[in-house]
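Please construct the entire structure, taking both the sequences and the accompanying hints into account.
Quick mapping for you: the protein sequence lines, in order, are chains A and B.
The opening position of the first sequence corresponds to residue 23 in this note's numbering, with each subsequent residue numbered one higher.
The opening position of the second sequence corresponds to residue 48 in this note's numbering, with each subsequent residue numbered one higher.
Worth flagging that the hints you see were computed from the coordinates, not collected in a lab.
Cβ coordinates follow ideal geometry from the N, Cα and C atoms, glycine included.
You may find that some hints are simply not true.
To be verified - With the Cβ distance kept under 7 Å, some of the chain B side facing chain A (calculated, not the full set):
1. F83
2. A299
3. T308
4. R317
5. G623
Unchecked claim - Some chain A residues judged to face chain B by a derived CB distance under 8 Å, without partners named:
6. N98
7. L121
8. G127
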Amino acid sequence: MDQEPRTESDCDAKDGVTVEFFGIARRRAGRTRIVVCPGRESIRLGDVLLAAGSRLPDLAGECLDGSRPKEGYLANINACRFTTDPDVMVEAGDHVLLLSADAGG
Amino acid sequence: MSVVAIVGPVVCNWGMTPVPGYHGGFLRIDLDSRTFQRIDWPEGVLRRFLGGTGLGAWLLRHETPDGIDALEAASPLVFVFSPLVGSPLTTSAKFAVLSKSPLTERINDSLSSSHFAISGKRTGHDAIVIVGASDRPTTLVVTPDGVQFESAESEWGLSSRETGVRVKTRLGVGGGRGFQVAAIGPAGERLVHYATISHDARHAGRGGLGAVMGSKRLKAIAVAGDRQVEFADPDRLFEISKDLSKRSLGPATAKYRELGTVDNLVTFNRLGSLPTRNFQSGVFDQAQMLSPESLEADRGRTRTSCAACTIGCEHIFPLSGSDGGVRMEYENLFALGPLCGVSDPGVVLAASHRCDELGLDTISTGASIAFAMECAERGLVDIPGLRFGSTEALLSMIEDIGHRRDWGDLLANGTRAAAEQIGGQSHEFAPHVKGLEIPGYEPRALQAMALGFAVGTRGADHNRSGAYEVDFSPDVGQIDAGSETIEAVVRVENEAVLMDSLILCKFLRGVFSDRVAGLAELLKPVTGWDVSSDELLETAGRIVTLKKAYNIDQGWTPAEDTLPLRFFDEPLPEGGSAGARLDPRRLADQITAYNLLRGWTADGYVVD
Numbered sequence: 023m024d025q026e027p028r029t030e031s032d033c034d035a036k037d038g039v040t041v042e043f044f045g046i047a048r049r050r051a052g053r054t055r056i057v058v059c060p061g062r063e064s065i066r067l068g069d070v071l072l073a074a075g076s077r078l079p080d081l082a083g084e085c086l087d088g089s090r091p092k093e094g095y096l097a098n099i100n101a102c103r104f105t106t107d108p109d110v111m112v113e114a115g116d117h118v119l120l121l122s123a124d125a126g127g
Numbered sequence: 048m049s050v051v052a053i054v055g056p057v058v059c060n061w062g063m064t065p066v067p068g069y070h071g072g073f074l075r076i077d078l079d080s081r082t083f084q085r086i087d088w089p090e091g092v093l094r095r096f097l098g099g100t101g102l103g104a105w106l107l108r109h110e111t112p113d114g115i116d117a118l119e120a121a122s123p124l125v126f127v128f129s130p131l132v133g134s135p136l137t138t139s140a141k142f143a144v145l146s147k148s149p150l151t152e153r154i155n156d157s158l159s160s161s162h163f164a165i166s167g168k169r170t171g172h173d174a175i176v177i178v179g180a181s182d183r184p185t186t187l188v189v190t191p192d193g194v195q196f197e198s199a200e201s202e203w204g205l206s207s208r209e210t211g212v213r214v215k216t217r218l219g220v221g222g223g224r225g226f227q228v229a230a231i232g233p234a235g236e237r238l239v240h241y242a243t244i245s246h247d248a249r250h251a252g253r254g255g256l257g258a259v260m261g262s263k264r265l266k267a268i269a270v271a272g273d274r275q276v277e278f279a280d281p282d283r284l285f286e287i288s289k290d291l292s293k294r295s296l297g298p299a300t301a302k303y304r305e306l307g308t309v310d311n312l313v314t315f316n317r318l319g320s321l322p323t324r325n326f327q328s329g330v331f332d333q334a335q336m337l338s339p340e341s342l343e344a345d346r347g348r349t350r351t352s353c354a355a356c357t358i359g360c361e362h363i364f365p366l367s368g369s370d371g372g373v374r375m376e377y378e379n380l381f382a383l384g385p386l387c388g389v390s391d392p393g394v395v396l397a398a399s400h401r402c403d404e405l406g407l408d409t410i411s412t413g414a415s416i417a418f419a420m421e422c423a424e425r426g427l428v429d430i431p432g433l434r435f436g437s438t439e440a441l442l443s444m445i446e447d448i449g450h451r452r453d454w455g456d457l458l459a460n461g462t463r464a465a466a467e468q469i470g471g472q473s474h475e476f477a478p479h480v481k482g483l484e485i486p487g488y489e490p491r492a493l494q495a496m497a498l499g500f501a502v503g504t505r506g507a508d509h510n511r512s513g514a515y516e517v518d519f520s521p522d523v524g525q526i527d528a529g530s531e532t533i534e535a536v537v538r539v540e541n542e543a544v545l546m547d548s549l550i551l552c553k554f555l556r557g558v559f560s561d562r563v564a565g566l567a568e569l570l571k572p573v574t575g576w577d578v579s580s581d582e583l584l585e586t587a588g589r590i591v592t593l594k595k596a597y598n599i600d601q602g603w604t605p606a607e608d609t610l611p612l613r614f615f616d617e618p619l620p621e622g623g624s625a626g627a628r629l630d631p632r633r634l635a636d637q638i639t640a641y642n643l644l645r646g647w648t649a650d651g652y653v654v655d
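Here you go:
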């Protein structure tokens with residue numbers, strides 16, 4: 023699995039939303055992150071996840087239910103706020119983390 | 048509380064019909080007199096306290112004299128099984144061990160897994176209570192025929208693993224019964240206050256149960272038997288067991304199966320909630336070196352599981368220069384890695400292995416060493432070479448703690464006691480609650496967890512509270528907690544106490560759409576009880592209150608329900624929760640609200 027972004031366009035970007043993957047999401051994505059939705063200043067979380075899922079079908083199959091995380095998964099905006107609401111708005115330059123909802127250790 | 052002796056008629060009811068799922072009584076062993084007796088459960092106790100930590104708390108409260116030192120001979124040590132042990136329900140091969148903790152002087156209940164639970168229950172008892180102390184190293188051999196008191200002179204000084212092999216070899220197969228052995232290592236013998244009791248590479252790890260066992264000169268307990276319990280509705284039990292096993296193989300447990308709990312480390316780091324360098328930060332810039340991928344690189348790993356478990360969360364990593372391996376979990380990884388500023392995977396694996404061999408709780412060991420590292424860097428102690436990131440210092444201090452040598456002797460009593468000796472302002476950053484070292488959940492970044500730590504009856508604990516679930520949910524804020532947080536903290540604590548009393552692995556949590564209703568559904572074909580969710584929630588509240596009452600008996604005061612000053616005074620310097628710190632007034636209000644929700648007084652006393 024890639025530990026680093028695959029291409030220049032997948033690096034952190036001000037133009038677009040960076041989706042970071044953790045745990046099973048990272049395994050299924052086969053990478054640590056991608057950048058989606060370039061050219062948009064403000065966008066629904068659901069559209070960000072749809073865009074990520076369309077590029078990463080294995081991820082979509084296991085972790086996403088269309089435009090929202092499947093049960094057992096969560097999104098987190100900028101490492102600050104957990105959500106599963108596809109209508110939450112994110113901005114260009116934001117980071118969406120996709121991770122397991124179970125943090126048992 | 049005055050001591051309530053459980054005497055009364057001592058009747059072995061093996062010939063009677065106990066409640067399905069239970070044998071109907073417990074075994075009480077007195078090491079002073081080398082005697083034992085079988086005692087029946089009083090009417091109603093089983094349904095009111097279930098098993099595991101619930102039934103164990105009931106036993107412990109009735110057996111513990113007020114104000115006794117945890118390491119005095121009369122301090123009881125309790126092993127408890129559950130009605131589900133021996134059933135085909137996945138993850139049910141578990142047992143609880145309870146005592147007064149030498150680390151906290153409050154209640155301590157730890158869970159462990161695997162074949163000891165099954166063989167222990169087959170001795171024909173629902174629990175084993177051990178009081179008194181032997182005058183020489185002893186191994187207890189418990190079977191349905193009774194108890195033998197064997198010399199453990201030749202095992203004294205060995206690791207729990209070596210002890211288990213020796214005792215099993217000596218006892219043979221026990222007439223086909225298959226002895227299972229729980230034992231202490233050198234740390235337990237030396238009364239390290241966070242020594243473990245180990246079986247089959249699993250540990251009743253927290254709070255120093257191994258020291259209590261060591262104080263009784265009890266090296267090991269071997270159990271074997273052929274007594275099976277009846278189940279109320281075996282056909283239905285088989286049906287729901289099959290369904291639960293199937294669900295346990297689904298997406299809700301994929302993380303544990305494929306990656307193990309070690310996966311938390313990279314995630315927590317990104318969220319700024321990975322305790323680093325004795326809780327000075329929530330971000331470790333070398334965390335990627337301890338990711339599952341990095342741990343696996345160049346060494347591979349194997350996966351295994353506890354007895355009667357379909358999840359298979361155990362990930363075993365080979366040790367360099369050895370044929371053996373070590374089971375890694377998030378908690379030993381964080382405590383012996385980032386908390387001590389160490390990023391070398393080989394060193395963290397070796398450190399964890401040494402803790403297992405010596406019989407040390409990895410969380411308290413790592414936290415004690417990290418605390419000493421900060422004391423050294425601040426000039427409060429002069430320990431040559433002890434600095435964050437020093438791999439040699441980490442490994443040598445583990446040996447010193449396990450053998451109570453030099454500075455290790457001081458750290459062997461935990462961070463609260465060490466801070467009292469070191470002085471200065473060290474108590475402000477000694478990472479404990481009630482004396483129990485804080486696990487790998489940064490409380491400034493996860494403030495529902497902070498509340499769970501503060502009110503936890505055994506101290507800073509992520510297993511009895513589980514409030515991190517509230518933080519990791521979209522329903523409440525991690526930082527700005529409102530009243531909905533308090534209710535959620537109570538709810539997850541109730542769910543946890545039910546799982547710990549029944550006993551089932553918490554990694555099954557995600558397979559239940561309604562956990563309490565799901566647990567009630569499991570209990571019915573085992574016991575025959577038509578238990579509703581409401582009754583189970585009432586039971587959960589009763590058990591939590593019982594543990595609190597135990598602590599009050601032993602001297603608890605409201606001032607104990609707090610966290611170290613660091614978490615109020617020092618904001619997190621970086622990461623997703625940069626700037627976050629605990630607000631003392633808000634935490635106090637939350638604690639009051641929690642107490643009232645529990646039906647206690649506002650300051651936390653139990654009303655009879």
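Results of checking the hints against the structure:
1. For the restraint placing F83 of chain B at the interface with chain A, the shortest Cβ-Cβ distance is roughly 38 Å, beyond the 7 Å limit, so the hint is violated.
2. A hinted interface residue such as A299 of chain B counts as satisfied when its beta carbon comes closer than 7 Å to some beta carbon of chain A; here the least separation is about 5 Å, so the hint holds.
3. Interface hint at T308 of chain B: satisfied, since its Cβ lies 5 Å from the closest Cβ of chain A, which is below the 7 Å cut-off.
4. At a threshold of 7 Å, the smallest CB-CB gap from R317 of chain B to chain A is about 6 Å, leaving the interface hint in force.
5. Of the supplied interface hints, the one on G623 of chain B holds, with its beta-carbon coming within about 3 Å of a beta-carbon of chain A, less than 7 Å.
6. For N98 of chain A, the interface hint holds, the least distance from its beta-carbon to any beta-carbon of chain B being 7 Å, beneath 8 Å.
7. At its closest, the beta carbon of L121 of chain A sits 5 Å from a beta carbon of chain B; the interface hint therefore holds under the 8 Å criterion.
8. The closest approach between the C-beta of G127 of chain A and any C-beta of chain B is roughly 4 Å, which is under the 8 Å cut-off, so the hint is satisfied.
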